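Protein chains: 4
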Amino acid sequence: MVIVMSPGSSAEAIDEVVNAITDAGGEAFVSAGVARTIIGVVGATDVLESLEARDLTQHPSVAEVLRVTSPYKLVSKENHTQTSTVMVGNAPIGPSSVTLIAGPCAVETPAQTLEAAQMAVQAGATILRGGAFKPRTSPYAFQGLGAAGLEILADVGREVGLPIVTEVVDARDVDIVAEHADMLQIGTRNMQNFALLQAAGAAGKPVLLKRGLTATYDEWLMAAEYIAQRGNLDIVLCERGIRTYEPSVRNTLDVTAVPVMHDLSHLPIIIDPSHAAGRRDLVLPLARAGLGAGADGLIVDVHPHPEQALCDGPQALVGEAMDELAQLMATLPALLGRTQNAR
Amino acid sequence: MVIVMSPGSSAEAIDEVVNAITDAGGEAFVSAGVARTIIGVVGATDVLESLEARDLTQHPSVAEVLRVTSPYKLVSKENHTQTSTVMVGNAPIGPSSVTLIAGPCAVETPAQTLEAAQMAVQAGATILRGGAFKPRTSPYAFQGLGAAGLEILADVGREVGLPIVTEVVDARDVDIVAEHADMLQIGTRNMQNFALLQAAGAAGKPVLLKRGLTATYDEWLMAAEYIAQRGNLDIVLCERGIRTYEPSVRNTLDVTAVPVMHDLSHLPIIIDPSHAAGRRDLVLPLARAGLGAGADGLIVDVHPHPEQALCDGPQALVGEAMDELAQLMATLPALLGRTQNAR
Amino acid sequence: MVIVMSPGSSAEAIDEVVNAITDAGGEAFVSAGVARTIIGVVGATDVLESLEARDLTQHPSVAEVLRVTSPYKLVSKENHTQTSTVMVGNAPIGPSSVTLIAGPCAVETPAQTLEAAQMAVQAGATILRGGAFKPRTSPYAFQGLGAAGLEILADVGREVGLPIVTEVVDARDVDIVAEHADMLQIGTRNMQNFALLQAAGAAGKPVLLKRGLTATYDEWLMAAEYIAQRGNLDIVLCERGIRTYEPSVRNTLDVTAVPVMHDLSHLPIIIDPSHAAGRRDLVLPLARAGLGAGADGLIVDVHPHPEQALCDGPQALVGEAMDELAQLMATLPALLGRTQNAR
Amino acid sequence: MVIVMSPGSSAEAIDEVVNAITDAGGEAFVSAGVARTIIGVVGATDVLESLEARDLTQHPSVAEVLRVTSPYKLVSKENHTQTSTVMVGNAPIGPSSVTLIAGPCAVETPAQTLEAAQMAVQAGATILRGGAFKPRTSPYAFQGLGAAGLEILADVGREVGLPIVTEVVDARDVDIVAEHADMLQIGTRNMQNFALLQAAGAAGKPVLLKRGLTATYDEWLMAAEYIAQRGNLDIVLCERGIRTYEPSVRNTLDVTAVPVMHDLSHLPIIIDPSHAAGRRDLVLPLARAGLGAGADGLIVDVHPHPEQALCDGPQALVGEAMDELAQLMATLPALLGRTQNAR
Ligand SMILES: C=C(OP(=O)(O)O)C(=O)O
Ligand SMILES: C=C(OP(=O)(O)O)C(=O)O
Ligand SMILES: C=C(OP(=O)(O)O)C(=O)O
Ligand SMILES: C=C(OP(=O)(O)O)C(=O)O
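Note that the protein sequences, when read in sequence, are chains P, G, W and F.
Numbering-wise, the first sequence is residues 1 to 343 according to full-length UniProt numbering.
Numbering-wise, the second sequence is residues 1 to 343 according to full-length UniProt numbering.
Numbering-wise, the third sequence is residues 1 to 343 according to full-length UniProt numbering.
Numbering-wise, the fourth sequence is residues 1 to 343 according to full-length UniProt numbering.
In short, the hints are calculated from the structure, not lab data.
Computed from a prediction, not measured in an experiment: that's the story for all the values here.
Just to be clear, a hint being listed does not mean it is correct.
Stated by the list, open to error - Okay, derived cross-link-like pairs now, SDA-like style, lysine to any residue, Cα gap no bigger than 20 Å in a straight line:
1) Lys-77(P) <-> Ser-248(G)
2) Lys-205(F) <-> Ala-178(F)
3) Lys-77(F) <-> Lys-205(P)
4) Lys-205(F) <-> Pro-92(F)
5) Lys-77(F) <-> Glu-64(F)
6) Lys-205(W) <-> Arg-158(W)
7) Lys-77(G) <-> Thr-216(G)
8) Lys-205(G) <-> Ala-178(G)
9) Lys-77(P) <-> Ser-138(F)
10) Lys-77(W) <-> Arg-230(W)
11) Lys-77(W) <-> Ser-138(G)
12) Lys-205(W) <-> Arg-230(W)
13) Lys-77(G) <-> Ser-248(P)
14) Lys-205(P) <-> Thr-85(P)
15) Lys-77(W) <-> Pro-95(W)
16) Lys-77(W) <-> Ser-248(F)
17) Lys-205(P) <-> Asn-90(P)
One chain only, chain P, in its complex shape (with noise of 0.2 Å):
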């Protein structure tokens, strides 16, 4: 059951609805968004039948009551049929832009972010990205600067003038990660990773969830459930290459999933083309196939010296491949009937 506010209603107004529903024995999860507040409730079908009983959509301030259907709620197009957007900063991810967001792989040190945010803004990007702390599968791999790796990121987030975007993988680090940045990351490897989700819904800043690398469409919205249940909203979606069978590239960029997406679910959905494919000279074309799915943006790895990268050199934008990224980025958001996110 979801319980939809009129806009504009008080604090004391969604108090009184989430009384009622722990009254009934029901867990009450809200949801602040821009426009308005939603309500999610969670019970056995008992404390739902005592709810509607009680017919809430009585309260002045109750807009509707709506009981769902699909598995995923919060996240479901069924009550929300248009795409939403969530806001970055300044810097809207939705339906009416094609959005930017680039930067290093991971972050190594300030020169090298400086320059790597340098090249991201002149290819037309809105979005900083960054990795402070690095999920690996080796446990001798570089694992990022961790909270050092933050300040990097937001201090040259704030010298270019662009929000940032960055990966947090394990809750006890939610706090310090939404001290800084802008937006949070979920990665493939975390996506069930159920702790976390609900974690990175109770800090208050946008969540940015890749999907898992084998995961299926609705176990990724029962993932975006669990974070819009801690009363957030404000969740892009990322696909970024799932598992095949095929050795010449990391993973394999799943296009049908935009559309789905957009069709199962109000959340935007961009792509990683980077991740996907593990490969520089791949990442244009992908991006093309991308949008031309209908995707709301794309997130690229950019860095000025890939092979001295310390994560993923090989998949890193530079040189000439910059301006071809540039290029698409002035033309094609019109072509789409997409307004380019001006900065």
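Use these hints to put chains G, W and F with the ligands onto chain P, whose structure you have.
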């Protein structure tokens, strides 16, 4: 080893080279292309060494002798750096056009086939598709009209003025299919039916080779090589979706195949968004994704009455979706810097 | 619809039933089993209804008329609750034995084949395997000796006193293979080569049907149904590993297939630990796992000189591993409550 | 680099070696095993070179200094050729026993847990399992009783005299779980939750590490290495089925993992036939298959009233199946040359 003959080499010159190869204990496969003849040599290392010692470049009609190191030789891009253009009747498939192949999944009746063909023409198709021999998972499903279906399709092709492509599923049927069709289609289930590949390679008609359900890129190119070895380089690859874990679509279109195949091979590649998703609503988004990735064309199912279709009705385009397809064909090729194929 | 004839029904009685079916517009597939004849009926719903109205149970030789609801009918367990025993020459494959099929992956020379056959006999094999027509991913790999290989294998089989099983890859070769072999093998790449399945079904010899590389259980049983429809119920399923993401083995043996197939179908099922793993060191552990799961037998590659093998040498058993296999065959069947097949 | 200390090395000796490592700029991970202490060294190439130059073998308590070449070091078999025995309370898991872990999927009530534990004991279990923190795909599904569940499980374990294993899903819960449990379980969804792996590694209790749904063997061993690096070598691997395309079972048990893991690593490996298939009727056949492949034990779901289970009822053993399991535990270990674990 591959021997490239000079343009206009005589039949005698070709015979001389072939004899030199067989004398040395090798096997020669002659590929008489439009522009020039290519002779593939297969043999053990000592055979190849003895041929090298004989230095066939001395022969006046031999333009080049190439030792190819990739596992596929005749279809590799190593010695043939431009994407080829394959002519199907008078319709090109290649780098300077976006070719639309459309028609019914299965030929059912003359009337249905004609209606579907007219829909195809209107949308901008330059080649007509239609299945007469249908490979069906269940022996109790409609298996196609067979030879009678071939005749219907050929008649309709003549009536609307389009060359036709149709699937062949049995090496024993290659002759009769080649008699009627302008292009032979090898289906996903038969990608490693090597006897069929060889028979199709010897039939003197271009071949559309669909990718196996979970085939790697190398396995796919090896299958193409089986065709090429029989003297036929007029091969078009078709990406039609791979098996993944996602239950809400039949298969998952792998757009990465497009740039990778263009990188590895000189064969053109088209995509089949209809068989990939198995869902009408996804055909157009996937078509745009495939063309964004650089595909040389599309093959699309259309049906005048999908609800009555004997095969794959849910994926057949009809009504407004056809207008959208026509619109896409009228505008997208130019945007991609390709000339739409005028009829 | 499936019509089960009474034991000992005359040819005339069978003809009468077939005529009744074709008169009603249906197609009849006669399966003359050891004990009794089964007639499969294929046709549209109205055909089946008209046949039902005629009530064939009135015919004195008709024992039963069954409407089968599973997608596969003749191979389903629904009307045939015991696992069948398939005789290959004088060697049974079925629920009361553990049958060992062994021999070289490919027939290379008479001497190599004889040596391998003697190794097979010593380990307890009651059927000899050996490939004459080899389906190879690359057209440049050894494709088998063809007809000459068949003759070598048949000669060796006679010499050591074992019936033989060998692969057929082309419907046009079914006759010549059936002339020499006691059992036809359909390989993993041809599991959905429907023309080949039908030809093999009509050849009058038992068929060993390997599972496709990523086939579902239903697709596999449907492939078996294509064979059964041609009147041949002497089918043995063979699980030989499925494609997974693990790079250190060629394929992954799916032991779950064994109990599930025994649950869905009356066909016996054996496992091929050699082609599954592609590694000699894993053949015995996987053989034990397969038998633990309830498999009715094993098919195993052996070679006197694996380092010289023209095909799949790394998986061929030799030396001590053969003793271990013999030991397993001497003890395990009794532990499993099965009689080892005495020769 | 891995430094193996002589048996009985003093705490001072260990400190001296650790100091030498950190002085050189490396990180040291101390693993105090039963027999001897192992110190893993992580650091850049120059750190390792400088340490090599210092030649730690000169230290009187250093038995060996090993440069390990496999990507996992502490869990590799390279320097530890025998399979380890991990003690869980007084129950061994290792090469000389077949250990049965059994209990309810989720702890629901004291009565249900006690009944399930008594069933487990009767079948021969020496360790009790039960989930208090349940990782569920949907946020609307039963998430386990949490801390209250831990207490129930610990009480029941004491009552029936079995050590207990239970899952931990959040690094912040490791302490409380370690307080109650004799072994920590890391679930399939958390195999690459590196923060959780590290926290579990530092908790001083043995760890049961389930394989990720589509993890490769290397990724799995790398995850184990994250645990080992925190000084804990008491790790047991658990194969619990991988994701495949087969819809009639939940997952597909990969028995090949058993011999391959025994080949690559010294860690014991058990199988979970319950979570693999998700079907009660397949638990026993898969258990036999896994033991046939050489598994060191089983973990099995049992429930007194599966039809009322809050989690995974369809896979829980009950009734006759329990007798069959008891029978298997009473006879199979001896046949496999292993002593059944007497309680
Ligand atoms: C690690 C990253 O991505 P993923 O989680 O998709 O692998 C990343 O974007 O830095
Ligand atoms: C059957 C067809 O396609 P595929 O082989 O890709 O399934 C078809 O195009 O008609
Ligand atoms: C080629 C063979 O097997 P598969 O078809 O299982 O690969 C074989 O058994 O020789
Ligand atoms: C959830 C469990 O298993 P898995 O992590 O293998 O799904 C379990 O054993 O309770």
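Practice task
Of all the hints given earlier, name the ones this structure violates by number, lowest first.
Solution key: 3
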